[in-house]
Amino acid sequence: MQISHFSTATPHSPLSFLPSCPSIRQIKQAHARIITVGLCDNGTIMGHLLTALALSPSTSSSDYPHAIFQHIENPNIFASNNMIRCLAKTETPRNSLLLYKSMCRNSYAQPNNYTFPFVLQACSKFLGIFEGTQIHSHIIKIGFIEDVYIRNSLIHFYSACRKTKNSRKVFDESPQCRDIVTWNAILASYARDERLDIAEELFCEMPEKDVISWSTLIMGYVQGGQLEKGLECFREMREKGLVPNEAILVTVLSASAQLGLLEHGKLVHSTIRSLKFRMSVAVGTALIDMYAKCGCIDMSRQVFKEMPQRDVWSWNVMICGLATHGLGKEALELFQKFINEGLRPVNVTFVGVLNACSRSGFVDEGRRYFKLMTEAYGIEPEMEHYGCMVDLLGRAGFVAEALELIERMTIQPDPVLWGTLLGACKIHGLVELGEELGRKLIELDPTHDGHYVLLANIYAKSRKWEDVVKVRQLMVDRGANKVAGWSLIEAKGKVHRFIAGDREHERSLEIYKMINVIDRRLAEAGYSPDVSPVLHDIGKEEKENMIRVHSERLAIAFGLLVTEVVGCIRIVKNLRVCGDCHQVCKMISKVFKREIIVRDGSRFHHFKGGNCSCLDYW
Numbered sequence: 001m002q003i004s005h006f007s008t009a010t011p012h013s014p015l016s017f018l019p020s021c022p023s024i025r026q027i028k029q030a031h032a033r034i035i036t037v038g039l040c041d042n043g044t045i046m047g048h049l050l051t052a053l054a055l056s057p058s059t060s061s062s063d064y065p066h067a068i069f070q071h072i073e074n075p076n077i078f079a080s081n082n083m084i085r086c087l088a089k090t091e092t093p094r095n096s097l098l099l100y101k102s103m104c105r106n107s108y109a110q111p112n113n114y115t116f117p118f119v120l121q122a123c124s125k126f127l128g129i130f131e132g133t134q135i136h137s138h139i140i141k142i143g144f145i146e147d148v149y150i151r152n153s154l155i156h157f158y159s160a161c162r163k164t165k166n167s168r169k170v171f172d173e174s175p176q177c178r179d180i181v182t183w184n185a186i187l188a189s190y191a192r193d194e195r196l197d198i199a200e201e202l203f204c205e206m207p208e209k210d211v212i213s214w215s216t217l218i219m220g221y222v223q224g225g226q227l228e229k230g231l232e233c234f235r236e237m238r239e240k241g242l243v244p245n246e247a248i249l250v251t252v253l254s255a256s257a258q259l260g261l262l263e264h265g266k267l268v269h270s271t272i273r274s275l276k277f278r279m280s281v282a283v284g285t286a287l288i289d290m291y292a293k294c295g296c297i298d299m300s301r302q303v304f305k306e307m308p309q310r311d312v313w314s315w316n317v318m319i320c321g322l323a324t325h326g327l328g329k330e331a332l333e334l335f336q337k338f339i340n341e342g343l344r345p346v347n348v349t350f351v352g353v354l355n356a357c358s359r360s361g362f363v364d365e366g367r368r369y370f371k372l373m374t375e376a377y378g379i380e381p382e383m384e385h386y387g388c389m390v391d392l393l394g395r396a397g398f399v400a401e402a403l404e405l406i407e408r409m410t411i412q413p414d415p416v417l418w419g420t421l422l423g424a425c426k427i428h429g430l431v432e433l434g435e436e437l438g439r440k441l442i443e444l445d446p447t448h449d450g451h452y453v454l455l456a457n458i459y460a461k462s463r464k465w466e467d468v469v470k471v472r473q474l475m476v477d478r479g480a481n482k483v484a485g486w487s488l489i490e491a492k493g494k495v496h497r498f499i500a501g502d503r504e505h506e507r508s509l510e511i512y513k514m515i516n517v518i519d520r521r522l523a524e525a526g527y528s529p530d531v532s533p534v535l536h537d538i539g540k541e542e543k544e545n546m547i548r549v550h551s552e553r554l555a556i557a558f559g560l561l562v563t564e565v566v567g568c569i570r571i572v573k574n575l576r577v578c579g580d581c582h583q584v585c586k587m588i589s590k591v592f593k594r595e596i597i598v599r600d601g602s603r604f605h606h607f608k609g610g611n612c613s614c615l616d617y618w
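Take the sequence shown: its letter number 536 is residue 536 in UniProt numbering, and every next letter is one higher.
Treat the hints with care, since some could be wrong.
To be verified - No more than 25 angstroms apart at the CA atoms, straight line, and that leaves these computed lysine-lysine pairs for PhoX-like:
no. : residue 1 : residue 2
1   : Lys305    : Lys329
2   : Lys209    : Lys240
3   : Lys492    : Lys593
4   : Lys169    : Lys125
5   : Lys141    : Lys125
6   : Lys266    : Lys229
7   : Lys240    : Lys492
8   : Lys125    : Lys101
9   : Lys513    : Lys593
10  : Lys470    : Lys513
11  : Lys276    : Lys266
12  : Lys266    : Lys240
Hints listed in this document are in silico derivations from the structure and should not be mistaken for laboratory results.
Computed from a prediction, not measured in an experiment: that's the story for all the values here.
With the hints as constraints, model all of the structure from the sequences given.
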């Protein structure tokens, strides 16, 4: 075993050959040598042994460090600080404060500037705002308030307790006592508080920035929902020649996945390759997720296959990815391999498995896996599991069984679950049950637009136009305005967003000319519009004009203009694609001989040669 010099020990002590982050086993071996050579009464050596325990990633219990500390006859401040440090890492960090209190009361070791960062670390861990504020008072009283390391610990402590105003007060008190860690700490405080406007200002003011500064801002953007800003920030960081850390890579891969933007995701992957970055479990899993959510399930498979190590989450992400792409049989086969590897499924694993059954209409398999989850693995069904089962049964026409399952649930069903059943009523034309569920949902969640739209769809399908008008009016009265549908397409390094009837794009004139070309060629191929998604009692021609400019059609028209003739057109849509647009996408893929991949609010649709991967089951 190759080990590095343990720098805190004297050159020829039994601790001198410990690595920088030793394991408990290595520490115990060193401890045995100390006892063998008769140095166990040496307070300095035992203090260094506590340092090793404080640095060990394996330390989680206070028993062993406490036994060592108790053996030291007159513990000095060095040993006491390291004992506080050990306790701060454990599951009982409050014990650090008991030791600090004992030090102050008995005066066997006066606190120094190294004591307070460890004590504040403990307070941060258990979010002890009252205790940490008292420690702050001690720091001022003893005269250590100008110490930059202590000030940094104070900013971090207040930030962990979500007291950003306190963090800023410490930051502003002594401008001369700042280093890059100080700036990063206050930046992290505002980013965590989602005050990204102030975080941006601080970032611009920083006299110097390191990879932690960039990482903090990027993660702030992504966690605050400003995904595109986070990706742009990553690009800028790379242009400045900075090498990203694992946290940045995982974060920007997550942003790319959420947006469904393949080119951004590929840029991150190429960065990983060019830097010869180690393919850790976290990075590999993030890549699998990104490629799956960007429509490249083949690349997800490849990354999964090439990963040197996988954990349960790597398997979960791959199973869920296959399910979302409608590859139910493959997802279930992968689940069986997962079991054969000796891994134990968790609740998310069964979300993927049941979703795979739902997407592919595997009713018997879904019932079997739902039973297996509870009986063989003791996993209590959560809302997502019930959602998959209700969707599976409802789509397959077993609406009564789905309703019975909801009524037997051990947890309170949420509006999403009732909405799923309402969607099944729409599919199968169950007007009476749909009306009952729709009104129930509107009462449960009066501001959710989707419930009104589904109920209006059920009425429209039955040509009950007066009821459609009433539902739409009720929607306006309750302030539940319909969420605008949009579609994204990535082209030449830019993201282009379209809404229905959009004429704001710089190439709008060309796009509408292409829409006319599409209409003409599809009509020649026998296309006849399905105008049932239009919830207005207007003429057929007006309905056709409304449906022909849905956001995904504008995005596809733009894609035909800007992508290579043999290239795949990739669209991300925020809502479920309507039946007519689904049919149009199938016909475009055949007539124009282009592969189209649409990620809608429900799943992936791979259109090729006039067919869709969902087999019209979505």
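Taking each numbered hint in turn, which are not upheld by the structure, reported in ascending numerical order?
10
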